[in-house]
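> One letter stands for each residue in the lines below.
Protein chains: 2
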Amino acid sequence: MVSLDLIKEISLKTPSKIVLVVIDGLGGLPDPATGKTELETARTPNIDKLLPNAICGLVDPVSPGITPGSGPGHLALFGYDPVKYNIGRGVLEATGINFNLKPGDVATRGNFCTVDDKGIVTDRRAGRIATEKNAELCKLLDGMVIQGVKVLCAPVKEYRFVAVFRGPGLIPDVNDTDPEMTGVPPLSAKVQIPAAAKLARVVNEFIAQAKTILAGQHAANMILLRGFSVPPKMPTMQEIFKLNPVAIASYPMYRGLAKLVGMGVMDTGETVQEEFATLKENYGKYDYFFLHVKGTDAAGEDGDFARKISVIEQVDAAMPVLINLNPDVIVVTGDHSTPAALKAHSWHPVPVMLYSRWCRTDRMSHFSEANCRTGAIGRMPTENLMTLMMANALKLKKFGA
Amino acid sequence: MVSLDLIKEISLKTPSKIVLVVIDGLGGLPDPATGKTELETARTPNIDKLLPNAICGLVDPVSPGITPGSGPGHLALFGYDPVKYNIGRGVLEATGINFNLKPGDVATRGNFCTVDDKGIVTDRRAGRIATEKNAELCKLLDGMVIQGVKVLCAPVKEYRFVAVFRGPGLIPDVNDTDPEMTGVPPLSAKVQIPAAAKLARVVNEFIAQAKTILAGQHAANMILLRGFSVPPKMPTMQEIFKLNPVAIASYPMYRGLAKLVGMGVMDTGETVQEEFATLKENYGKYDYFFLHVKGTDAAGEDGDFARKISVIEQVDAAMPVLINLNPDVIVVTGDHSTPAALKAHSWHPVPVMLYSRWCRTDRMSHFSEANCRTGAIGRMPTENLMTLMMANALKLKKFGA
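Chains as they are written, first to last, in this note's numbering: chain A, 838 to 1238; chain B, 838 to 1238.
If you are wondering where the hints come from, they were derived from the structure by calculation, not from laboratory data. One should not assume that every hint holds.
Each pair may be met inside one copy or between any two copies, as identical chains are not told apart.
[Stated by the list, open to error] Pairs of lysine to any residue, SDA-like flavour, derived with a Cα cap of 25 Å:
1. Lys921 x Ile844
2. Lys994 x Val1067
3. Lys1070 x Gly1237
4. Lys845 x Ser1202
5. Lys1070 x Asp1010
6. Lys1122 x Ile957
7. Lys873 x Lys886
8. Lys976 x Gly872
9. Lys921 x Glu1138
10. Lys1096 x Glu1107
11. Lys939 x Pro1072
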């Protein structure tokens, strides 16, 4: 793997265009009845039509055997080392609601929860309160100043919210206060390194005040915090790749991830069709497009093999919109596998196809895990894909004399 | 990738022999009419006859998507990390004309150029003066001593020359004086780190004197320098692999690259046939042979698909000379791809075949990119090839107890 510094040195600004279609959780496992995975079962005539000018392969977002979260899965696709640039849960959650994090902010993911008279957690999700209720409660907690630190609270969804601690000298190495079980009280914040003492004091004071404020709000009468983290310092895609990149993603978290690496973010609709329409409308303004499809992952996590196939087929049906724009490079892949059989993200390498006039095609007939296994991309870290996309768009100079 | 230190510990001196045939720029792209690359189109019956005892694969000289220059391409083949041991432009140019660089020398590539009355560059190549004129001008500049530093100048070709600064305390971190455009004056040498101050002073004084000396030599009335660099400190192939290695290469640059890693260099002729004859004549004296064929790369850069095929077929025709010597290991590969379709070096992985009694053959029928894609070597960094050659020559001990 070459460094981003090296890529920065050899990358070129050119008019060529790259489109990355991420079908979230694309990789699957076979249905025992047919022996075929979701992708192998799906009818994808439009993607398959690209294969005579494409190469296929399998990519590992982190490393063989490692199951990636959405953060590492996407950072690897954007060309970043997903272990070096690991994004904390708090930052990811804040990013996901478009919260404008500033340098030095410590973000954390909060749950509204239920505690009994003795302070024992009886429901970690406060009966999955409505998002509207969550927003009301966040208003009660938002804006407190504790020991010179401002605490900002913003709702995410149902019982989930974001708390951001803003002030000088905050080091995020504090344990979660969420015990991740019921029948016990919330944990207090304790330092993992001495320098985090200030944050721990502020957090404990904040939780104490929150408990008082929420006392009458049963079921949401307490909070649990986890994933204290600061925004990673990372070079943008503009700096490294000299691209003008944009994200088209209906889910906030993926827009947030895109922003972390410097991408612009388009407003778009909820459906696959609307996302592709947004791509078409804005095609002239950018040279790198990240289009994210969420439905496959959601279906996989629900264990719904048929629905996952159906979302893949929706993407395929929308592909002509993209193909007619005639980009120099098209990549179709996932950020990780989410086999319906496992109902969860998995470690399985992710099928990928890269279309380009210059790719030295491997002439596969169908985009599938089985064909990808013998494709010309071989098996490689997802992180390398970005370099390969840049190369195929003729956006990289020679390295070395 | 294991370190060279580890290989050094386990490498053995044995009588077995290794021959590496580098067909420069071997990898290609398909002819749209036939769907076949240069190598896939070429008739290579002699190489193919080795395949029942060979393994095939695809190798990446630097990393997937990265287009290598000749320096990194060859260093990887010789078993060195081509990013760690990146060779500066000045050193490569000096190496290419067989200039005998000493430790501490700073080498730079020079252009004779044209400046107008106001000192503005009007032609960065001085009307591409003849090499003979270049040699005359180099004589005028060669041998100056400035602040205790000797400046050596030697012609390369047309307007290109090499300037070497020899003296104590020279650090090469000085910017290019070549502005890489016309309509502006040459840049002065400025330090990139304070320690380079002495070199910057000497360079600026040298350029001032050169300007005076060349004043009447229009069009070549000024010089531009770039790529200030020192010879890399690298262990030799003798030290690491305990080999007695030799290079057979008609082009000076490849002889130079071979010298950097400690290889001996044979005098040889210009043709493929003559190079193989040189191999045969000297077969008893060495245990590692690097035979370099330039014509394929030159044809690729000219976009001449047919000529590239013809050079590959010349190599194949000469192979019986090598095969009859019965070396323990034969590798046929390239230092990078140079598809005629791109008229340039490219990032595409390079086909390789390794013949050895002990290789666990994959029984391919023809040496081609398509077959290499599914070969037993798989896809790996070029850097690993050297270890694989050593292993197949039974020149590596077990690692660990």
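> Quick one: Lys1096 to Glu1107, C-alpha cut-off 25 Å, is that within a copy, between copies, both, or neither?
For Lys1096 and Glu1107, the Cα distance is within 25 Å only inside one copy (19 Å; across copies 56 Å).
> Evaluate Lys1122 and Ile957 at a C-alpha cut-off of 25 Å and name the case that applies: within, between, both or neither.
neither (54 Å within a copy, 38 Å between copies)
> If the cutoff is 25 Å on CA atoms, where do Lys845 and Ser1202 land: within, between, both or neither? Let me know, please.
Answer is neither; intra-copy 36 Å and inter-copy 41 Å both fail.
> Could you figure out if Lys976 and Gly872 sit no more than 25 Å apart (CA to CA) within one copy, between two copies, both or neither?
Classified as neither; 52 Å inside a copy, 65 Å across copies.
> Is it within, between, both or neither when you check Lys921 against Ile844 at 25 Å Cα-Cα?
Both: 17 Å inside a copy, 15 Å across copies.
> Checking an output row: Lys873 and Lys886, CA cutoff 25 Å. Within, between, both or neither?
both (20 Å within a copy, 20 Å between copies)
> With identical chains treated as interchangeable, where does the CA-CA distance between Lys994 and Val1067 reach 25 Å or less: within a copy, between copies, both, or neither?
Cα proximity of Lys994 and Val1067: one copy only (22 Å, versus 56 Å across).
> Using 25 Å as the alpha-carbon threshold, which applies to Lys1070 and Gly1237: within, between, both, or neither?
Classified as between; 17 Å across copies, 28 Å inside a copy.
> One pair to classify: Lys939 and Pro1072, alpha carbons no more than 25 Å apart. Within, between, both, or neither?
within (15 Å within a copy, 39 Å between copies)
> Measure nothing new, just compare the shortest in-copy and cross-copy C-alpha distances for Lys921 and Glu1138 to 25 Å and report within, between, both or neither.
Neither. Shortest intra-copy (27 Å) and inter-copy (39 Å) distances fail the 25 Å Cα cut-off.
> Within a copy, between copies, both or neither: where do Lys1070 and Asp1010 come within 25 Å Cα-Cα?
within (16 Å within a copy, 28 Å between copies)
This entry does not satisfy hints 4, 6, 8 and 9, going by the numbered hints stated previously.
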